[in-house]
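Asks: Protein chains in written order, with the working numbering: chain F, 1 to 628; chain H, 1 to 157; chain E, 1 to 79.
Hint data in this document are derived by calculation from the structure and do not stem from the laboratory.
Note that CB positions come from ideal geometry on N, CA and C, so glycine has one too.
It cannot be assumed that every hint is accurate.
Covered stretches of chain H, as calculated for chain E (at least 3 residues, CB under 8 Å) [to be verified]:
| # | segment |
| --- | --- |
| 1 | 7 to 13 |
| 2 | 16 to 25 |
| 3 | 30 to 42 |
| 4 | 100 to 108 |
| 5 | 133 to 139 |
| 6 | 149 to 156 |
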Amino acid sequence: MQALALAILLFPAAGGIFLGVFNWRGSRLLTAMVGPGVIWAAFVCVLILLGNNVDQDFTYWTWIRAGSFEVPFDILIDHLSLFMCLVITGVGGLIVTYAVGYMEHETDGSYARFFCYMDVFVLAMLILVLAGNTVFLIVGWAGVGLSSYLLIGFYYWRRSAVIAARKAFVMNVIGDIGMILGAFVLFVSYHQVVYLKLFPALPHTPDATTELAAFLLLVGGIAKSAQLPLHTWLPDAMEGPTPVSALIHAATMVTAGVYLVARFHPLYDATIYAHAAVAIIGAVTALFAASIALVQTDIKRVLAYSTMSQIGYMFLAVGIGAYSAGLFHLLSHAFFKALLFMAAGNVIHALHDDQDMRHYGGLWHDMRRSSVTFLAGSLSLAGIIPFVGFFSKENVLGEAFSRGDGLGYAVWFIGFVTAVLTGFYTGRMWWFAFWRPASEERPVAGHLHEAPLVMLVPVAVLAVLTTVGGFLQIKAIGGWALVDDFLKPVLGEERIRTNGLEYLATVLTLVLAALAFAAAYNFWIRGTWSPAGWRARYGWGARVLERKYYFDELYDWAFVRPLDRLAGFTDREDRSLIDTGAVDVGAYTERGAGALSLTQTGFLRSYVLVFVAGVVIAAVLVLWRASS
Amino acid sequence: MGPATIVFWLASAVALAGGLGVVLFKEPIRNVLSLVLVMLSLAVLFLLLSAQFVFAVQVIVYAGAVMVLFLFVITLLGPVREQGTVRLPWQIFISAVVIAAFAGFLVAMLRGVSYRTPDAADPIFGSVQSIGVGLFTDYLFPFELTSILLLVAAVGC
Amino acid sequence: MLIRRNPLVMLICIELMLNAVNLTLVAFSRQLNNREGQLFALMTMTVAAAEAVVGLAILVDIFRVRDLEDVDDLSELKG
């Protein structure tokens, strides 16, 4: 079992090394086999570990030892990490398989490079969730940021892609710093890095140290999960290839913050403010992102904002202590958001990389299979019964509602409004892009080529999972809770007692979300209500939403411009003080050398004269000293 | 005034005249011949100073060999006269100042020196024997060095 | 030597100065009854001979290669 646990990491590592080092000019077929193959191999390892019900902290060797500071290389296999590994390798395997078809137009080198990055990403993500100590966690955390940077900037010849990659990296590094500081605070206070020794050492009553550590870790979490206010990188990250958006920016990496809070739940349980901050940030982000998604026209950006919004739900859940509800939503979101991205990817692929929904339409007729799967994902996102999104979202909202205090009701209300908005923008996306007649601006006018089988099968698998996956945990309508039970050994007993009232709220949410989804039909198909008229009436609102609440402008004004000015100032001073000084020293040296070179007349006689004069002076000096 | 004194004054006068000739003549051949004159008179002075070996070397090597070399070069190159523009206008003036300073220095140094007649010389002082013993015992190393120097000069030319 | 511009004459002047030094050496040697003065004069002669040989050889070479009026023409090495 010990070797098997390590093998989960070794498979993607070997794949990445092979593709990066040996096969970047090699066979395309081999690349297509190895890239997804190693992830499926890791998936099998996870399944075997799961089948044997392993729950253990495997220590392989001592990694760092400096005095009393000792970091082991250990892999923590418990139900939480296995749950995450299942999502990463399972959904990840499907997405990487899908990429075999999606990336087919790349050159051989880029093809291998893509799968190399994907394998490295999966490796980093697995390190993140399997790490048994905070130092190893940071390694995975930073590795995920790095591979995200590489994949967003995959089309490195596109300027916007490179800028987006840099933006993502900078934002992530801000989070990494918070993360590292948090781990440092924990180490300084409790002298432990290994989770299983650290958590028992934590106090059970709130104090300043735990609050500080929890807040710092939260900074890392919100940067990685694109929550307010470190969210601006995620929409830009859609510059990456669509499988990347599906894998990293929907299914796995951005959920790392949720995993982090769940993993450190003993810490967050011991705090008040940091824990509440998680819920508040999550709820506000959910509403905030959903409102922006209402007006976006780029289909991938709509999906990106909906991702932010859904992760907001997860933060909300873990913030109120409903950890397993948050993780169930994580699982369900991985299913339907990966599905949405990949179905959208089929469309984008067929329409020659056009992502503007205004150029779409008529897809229901031309791409029936992709459209059906997209519809399944949309209904799930909107929270329509019986799709998985309904069960997981209502689970979260139900937990919030039945918490029974001010925070619980507040976040429930925000989540409820968000659910209605989600129904509306999902409906808009569906009716506007897929259902309505083909737009005249569509880049491919005639018949569209449906995606190849290698792209359709993963999408279909996810569509099935999206449709039936909800029945893992039908707690929202009062039933079994398999996810809760599975995670109970790690996350502990259910803390929130339900009281029955939340079923009313659930029905209300479902009905309103469904109505909002349907209302979108009136807007964009029947034209009963005209979007243009609403826009004319509430133009300022639309502008604010389209400019994404001016966050980019705010950051530009608050950080970029002052730094720019500072840089300009130091640049000027550098020129006038330091450069001029250096140049002057050079100039004076040169001039002095020029003056001295006058003595090198080249005339033998003057040399002799100087020589004789020197002799006279020396003789006079000697005589004078001898006489005195 | 014994005959030695007369010879000394004569030789000194000839040497001074020759020196002036070396400096003042314009024709190189006259400069060289003046130098030969200086050397010969110096040779006489060496003899008066009971330095027989140095006298012999001065006559044979210097006045004989080296000056013949100069004469050869002059005949080889033909008459080279100084003409053309003077390119260092301050040279003469500064030289005069420096020379005056040097002369003043010499005068200042020689003032107050009491002259005395040297002791009677050893019979062997300055003889070939004395010089030879010196060269091959105490000063063997400098001697060998000068021989190497000569060798280098000979080979290098 | 400070004034003259004929390279040959400058060499001759050097010889003259060396001879003056020789005279001083020998005179002090006699005055102090000291053998080393004469020995040193001999060394000086050797060096003077070597210097004259090398100097004249350079001179002949230069005159063979270039048409010179005086040493001031050899002032290419100025800074």
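Asks: Check each numbered hint from earlier against the structure, then list the numbers of those it violates in ascending order.
Replies: 1 and 4
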